[in-house]
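J.: Make the full structure from the sequences, and use the hints.
So the sequences go chain by chain: A and B. At position 233 of the first sequence (counting the first as 1) the number is 233 in my numbering, and the numbers step up by one without a gap. At position 173 of the second sequence (counting the first as 1) the number is 173 in my numbering, and the numbers step up by one without a gap.
Everything labelled a hint here was simulated from the structure, so no lab data went into it. Wrong hints could be hidden among the right ones.
The list makes no distinction among identical chains, and a pair is therefore deemed to hold if it is satisfied within one copy or across any two copies.
Said to hold, decoys possible - Straight-line Cα separation of at most 20 Å, SDA-like style, residue types lysine to any residue; simulated pairs:
#, residue 1, residue 2
1, Lys79, Ser19
2, Lys112, Thr123
3, Lys112, Gly84
4, Lys79, Ala18
Below are the chains, spelled out letter by letter.
Number of protein chains: 2
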Amino acid sequence: MDRAVSRAFSLLESLASASEPLRLIEVAQLAGLQKSTAHRLLGTLVELGYVRQEASGRYGATLRTWEFGARTVAQLPIKRIAAGFIHGLHRTIGETVSLTLLSGLDVIYLDKLIAPRPVQFRTSVGSRVPALFTASGKAMLSRRPDGVELARQSAELHGLDIAAVSAELDEARSRGYAISSYSPGVLSIGVAVEAGSAAAEAGLSVSAPSEHLVGADRDAVIGALLEAGARMSEALAQP
Amino acid sequence: MDRAVSRAFSLLESLASASEPLRLIEVAQLAGLQKSTAHRLLGTLVELGYVRQEASGRYGATLRTWEFGARTVAQLPIKRIAAGFIHGLHRTIGETVSLTLLSGLDVIYLDKLIAPRPVQFRTSVGSRVPALFTASGKAMLSRRPDGVELARQSAELHGLDIAAVSAELDEARSRGYAISSYSPGVLSIGVAVEAGSAAAEAGLSVSAPSEHLVGADRDAVIGALLEAGARMSEALAQP
DNA sequence: TCCACCGTTCCGTCTGCCGGAACGCCGTTC
DNA sequence: GAACGGCGTTCCGGCAGACGGAACGGTGGA
Numbered sequence: 001m002d003r004a005v006s007r008a009f010s011l012l013e014s015l016a017s018a019s020e021p022l023r024l025i026e027v028a029q030l031a032g033l034q035k036s037t038a039h040r041l042l043g044t045l046v047e048l049g050y051v052r053q054e055a056s057g058r059y060g061a062t063l064r065t066w067e068f069g070a071r072t073v074a075q076l077p078i079k080r081i082a083a084g085f086i087h088g089l090h091r092t093i094g095e096t097v098s099l100t101l102l103s104g105l106d107v108i109y110l111d112k113l114i115a116p117r118p119v120q121f122r123t124s125v126g127s128r129v130p131a132l133f134t135a136s137g138k139a140m141l142s143r144r145p146d147g148v149e150l151a152r153q154s155a156e157l158h159g160l161d162i163a164a165v166s167a168e169l170d171e172a173r174s175r176g177y178a179i180s181s182y183s184p185g186v187l188s189i190g191v192a193v194e195a196g197s198a199a200a201e202a203g204l205s206v207s208a209p210s211e212h213l214v215g216a217d218r219d220a221v222i223g224a225l226l227e228a229g230a231r232m233s234e235a236l237a238q239p
Numbered sequence: 001m002d003r004a005v006s007r008a009f010s011l012l013e014s015l016a017s018a019s020e021p022l023r024l025i026e027v028a029q030l031a032g033l034q035k036s037t038a039h040r041l042l043g044t045l046v047e048l049g050y051v052r053q054e055a056s057g058r059y060g061a062t063l064r065t066w067e068f069g070a071r072t073v074a075q076l077p078i079k080r081i082a083a084g085f086i087h088g089l090h091r092t093i094g095e096t097v098s099l100t101l102l103s104g105l106d107v108i109y110l111d112k113l114i115a116p117r118p119v120q121f122r123t124s125v126g127s128r129v130p131a132l133f134t135a136s137g138k139a140m141l142s143r144r145p146d147g148v149e150l151a152r153q154s155a156e157l158h159g160l161d162i163a164a165v166s167a168e169l170d171e172a173r174s175r176g177y178a179i180s181s182y183s184p185g186v187l188s189i190g191v192a193v194e195a196g197s198a199a200a201e202a203g204l205s206v207s208a209p210s211e212h213l214v215g216a217d218r219d220a221v222i223g224a225l226l227e228a229g230a231r232m233s234e235a236l237a238q239p
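T.: See below:
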């Protein structure tokens, strides 16, 4: 385990998580390093273009990591294939549509098409949220063989009622979709997408103010989601 | 300059740029490393969660870098403030709207709201394109004191006619917007946004099939862009 | 003006990185 | 089926260079 490498990434993550450029000492403390060591490593990162030192001497992350991270994401087959379905759903439903990926016990928001409205969604593309808190996350877990075990771990971690979670997953499995209302006033409906052999499971979800998702409207959304999910699974099954 | 750190990033970038997981030897060659060194560094990166080794033994970049890169981007004031304007433009115009940032001689696509149509735009979020090839890039260069010098360098680099480029920038400066038709059949109109003291210059652009941007429609788009650019500059000027 | 804090630089120590070499595994060839 | 080549992985001696304590100079605040 190369120590310098590990430390450099630790510094970079500290900078990336900060909302503003940090002083040397602050970064050093965040990463648990001596200031001379932090100073040298930051110098290396600056030289490599991942960190920028502004006039005040403070250090900040550049967009370099994001740039090549975006390259990784853009090359995911899921992302490319999903684009059309996301647009289609957004056009017919008119609500916020999200594409997610299961990563451990969490869900990562891969892409998002936001319905322009005053309601602020707190999850932005790239963010990571416990799977059980999201509709698509529960839909994905309900489909996986080890889903119950993962759900158990996650429920324990976040202090959720394991029996209730388990029942919810059962229901999601039989219906083919899951519902979540983690943010007050906002309802999400999510389905799982078979992402083929290569990649992990993917999820598709629609989020909207609760009052938009009742009665026939809700049924329409569910229908559209199930349809899109099924057709996307087909598209991903192609070589 | 910590050698191991530099090498680790080189490996990671090689993996991120690859369209599929790579074998050890391939990554080692791409990064110019001995296979034992590459093997050890990749092991470190796997341990840190930036690289994943699949069952076949091949190595691939995970979404970890993208995740924290996305955190960096999400914290940019420009990105947050621009979101509303991008949506507004998209709604009134109905075409693809992009948010860009000037980075050296290039433009980075920070965000994008795509008009659903068969035309495939080749630039995705996170990609980097020479500023002179884009409408917003030219608009931004036309506003900067050192814009002419930067344009000269870029023109030389890409074999463009310096006099023509210079004239175009002059025109953009006096009109307040720039036009580009780099991709055949696609026309873009871009304006610069004063991004305040802290960050670099930002750009806003609308791209559409050429035939959509003629006559009164074009004037409407230009008007909306200038309006949005001005109001966004105001918003960014607030502390 | 003084003081405290911080960024930067320096340098002796020795850690832990480096890479050549060896081993074992697999797929291929004859 | 045996020999072979290519690759992934492991090992280890040598030493480059990472490490961090200490010192210095600059800066902002009291």
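J.: Compare the structure with each hint and give your call.
T.: The hints, checked one at a time:
Within a single copy, Lys79 and Ser19 get their C-alpha atoms only as close as 28 Å, which misses the 20 Å cut-off; across copies the closest is 13 Å, which meets it. With identical chains, the CA atoms of Lys112 and Thr123 are at most 20 Å apart both within one copy (10 Å) and between copies (17 Å). For the identical chains of this complex, Lys112 and Gly84 are neighbours both inside a copy (12 Å) and across copies (15 Å), given an alpha-carbon limit of 20 Å. In the homo-oligomer, the alpha carbons of Lys79 and Ala18 lie at most 20 Å apart only across protomers (16 Å), although the nearest pairing inside one protomer, at 28 Å, exceeds that limit.
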